[in-house]
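Below are the chains, spelled out letter by letter.
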Amino acid sequence: MRSYVPQYRMATPRNLADALERMAREPGAWRPFAGGTDLMVLLEAGKLPHRQFLSIWKLPELRGIEVTPTHVTLGALTTYSEVRRLEVLAREFPLLCRAAAETGSIATQNRGTLGGNIANASPAADSPPALLVYDAELELVSTRGARWAAFHGFWTGYKKLEMRDDELIRRIRLPRNKSGWTQFYRKVGTRRAQAISKVCLAGAALRESGNIADVRIALGSVAPIVLRAVATEQVLREGKQLTPAVVRAAERALAHEIAPIDDIRSTARYRLGVAQNLLLEFCEVLAN
Amino acid sequence: MPEAPRKIRVQCVINGKAASLEVYPMARLLDVLREQAGMTGTKEGCGEGECGACSIEMDGVLVNSCLVPALQAEGTVIRTIEGIADAGQLSAVQQAFLVHGGAQCGICTPGMILAAVSLLSRNAQPTESEIREALSGNLCRCTGYTKIFESVVEACRQQGLGK
Chain C
1 MRSYVPQYRM
11 ATPRNLADAL
21 ERMAREPGAW
31 RPFAGGTDLM
41 VLLEAGKLPH
51 RQFLSIWKLP
61 ELRGIEVTPT
71 HVTLGALTTY
81 SEVRRLEVLA
91 REFPLLCRAA
101 AETGSIATQN
111 RGTLGGNIAN
121 ASPAADSPPA
131 LLVYDAELEL
141 VSTRGARWAA
151 FHGFWTGYKK
161 LEMRDDELIR
171 RIRLPRNKSG
181 WTQFYRKVGT
191 RRAQAISKVC
201 LAGAALRESG
211 NIADVRIALG
221 SVAPIVLRAV
231 ATEQVLREGK
241 QLTPAVVRAA
251 ERALAHEIAP
261 IDDIRSTARY
271 RLGVAQNLLL
281 EFCEVLAN
Chain Y
1001 MPEAPRKIRV
1011 QCVINGKAAS
1021 LEVYPMARLL
1031 DVLREQAGMT
1041 GTKEGCGEGE
1051 CGACSIEMDG
1061 VLVNSCLVPA
1071 LQAEGTVIRT
1081 IEGIADAGQL
1091 SAVQQAFLVH
1101 GGAQCGICTP
1111 GMILAAVSLL
1121 SRNAQPTESE
1131 IREALSGNLC
1141 RCTGYTKIFE
1151 SVVEACRQQG
1161 LGK
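In the order they appear, the protein sequences are chains C and Y. Sequential numbering of the first sequence, starting at 1, is according to my numbering. Sequential numbering of the second sequence, starting at 1001, is according to my numbering.
The following block holds chain C by itself, in its conformation from the complex (with noise of 0.2 Å):
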């Protein structure tokens, strides 16, 4: 049943030192609001148990985009109609304009904030499999100052986040170290638009001298955080080769380390099989 709107309210700081001012004066009282793509749906189905938000979608500290020799830096409020639109995006982060295409419509896209998609936290976000295998770290900013922190390690279960009540997520960075790499992402879904992942994969991997030197693989939809899957990672960086055997144990470390479930999207059975398919598959473009 839907939420009974009254109960709500929202307050648009001056700024971004506002927002953390008052988010440091009353820890956990306020919750950022972005662009509303997830918690507008909570509200509606009534689901929306925090009753207080600060509309930070107007701050323009969180937003922006930064290209040094070493980093692209993103501003939090990113979003994926303009990850789309980013050439250096594109060029060197090509899973991660993959996640924004396939992220809800064109209208979501408009709205949906890459910072957003972080602290949702949900298992199933199309973003962070790109983000996780880009290495992406977080600048999380308080009235205590400024930290960075990988996303690797951020969520650290469902809906959880290694982050403190008075800490705004402020920017995105993404080494840029992996142009060389061969990158794989492919999600799957009920329909090609608009549908929530039965399951995601996103991959990178470094080849030379067609050994395995390194690679990274995450995925969305089978635990209950988007997973690195370093057991899997590890098999194929110290198989080097790909060979029958390499590919088999890999499988095998996957289907160890992920925890697929059962729910109204899929099942676990079958995400345990689509999800090692997926691992195949990017196996298949690394071989070639």
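Hints should not be assumed to be uniformly reliable.
As the list claims (entries may be wrong) - Some chain Y residues near chain C, calculated using beta-carbon distances under 8 Å:
(1) 1027
(2) 1047
(3) 1048
(4) 1049
(5) 1050
(6) 1055
(7) 1062
(8) 1063
(9) 1064
(10) 1066
(11) 1067
(12) 1068
(13) 1071
(14) 1072
(15) 1134
(16) 1136
Just so you know, the hints here were simulated from the structure itself, not pulled from any lab data. Given the structure is predicted, the values throughout are model-derived calculations rather than measurements. Think of the CB as a built atom: it goes at the ideal place given N, C-alpha and C, for glycine as much as any other residue.
Fit chain Y to the given chain C structure using the hints.
For chain Y alone, kept in the frame of chain C given last:
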């Protein structure tokens, strides 16, 4: 304790006219447009951002108005289906929907037209796959989509002819 909820005043431009609306901050822009601004052309389908029936343009970009809290409309320029025809003259997209049977029951039509108009405003010569993608967030349970797609293709052609 949170303060008692109260309405706020939001100023925006709706279809070229300045509007000043008293709203609860998290009221859905969809409801505000329909019930306070009288723009009942914007429809509600799913209410959760899946169907696109409530599509409007806000500051020049397509959004689902069911997912926009009223407070965030402050200072924005909004265009709904009522603002698509120009002084009683149907737009190329509307005309094409009429001619090619792009509308049946009509619930999805305002959103479809907004999605198509929004596409043509940023890309005057879209490919077929770009048209399909632009319409993919709008669900229709009558037409089977083919006539809608053909309507948009025709609107592109008409626009290309300088109409």
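Verification of the supplied hints:
Checking residue 1027/Y against chain C by beta carbon gives a least distance of about 5 Å; that is within 8 Å, so the hint holds. Interface restraint check for residue 1047/Y: the shortest CB-CB distance to chain C comes to about 5 Å, inside 8 Å, so the restraint holds. About 5 Å separates the beta-carbon of residue 1048/Y from the nearest beta-carbon of chain C, less than 8 Å, and the hint is met. At its closest, the beta carbon of residue 1049/Y sits 6 Å from a beta carbon of chain C; the interface hint therefore holds under the 8 Å criterion.
Satisfaction of the interface hint for residue 1050/Y is found here, the shortest Cβ-Cβ separation to chain C being roughly 6 Å, below the 8 Å cut-off. Checking residue 1055/Y against chain C: minimum C-beta separation of about 6 Å stays under 8 Å; hint holds. The interface hint given for residue 1062/Y holds, since its Cβ lies 5 Å from the closest Cβ of chain C, which is under the 8 Å cut-off. Taken as an interface hint, residue 1063/Y checks out: its beta carbon lies about 5 Å from the nearest beta carbon of chain C, inside 8 Å.
The restraint placing residue 1064/Y at the interface with chain C holds, with a minimum CB-CB distance near 5 Å, inside the 8 Å limit. Of the supplied interface hints, the one on residue 1066/Y holds, with its beta-carbon coming within about 7 Å of a beta-carbon of chain C, less than 8 Å. The beta carbon of residue 1067/Y is positioned within 8 Å of a beta carbon in chain C (closest approach about 4 Å), and the interface hint is therefore held. The criterion of a C-beta within 8 Å of any C-beta in chain C is met by residue 1068/Y, whose closest approach is roughly 6 Å, and the hint holds.
Checking residue 1071/Y against chain C: minimum C-beta separation of about 5 Å stays under 8 Å; hint holds. With a cut of 8 Å, the hint placing residue 1072/Y at the interface with chain C holds, because the nearest CB-to-CB distance is about 6 Å. Because the closest C-beta pair between residue 1134/Y and chain C is about 6 Å apart, less than 8 Å, the hint holds. Interface hint status for residue 1136/Y: upheld, as the beta-carbon distance to the closest one in chain C is roughly 3 Å, under 8 Å.
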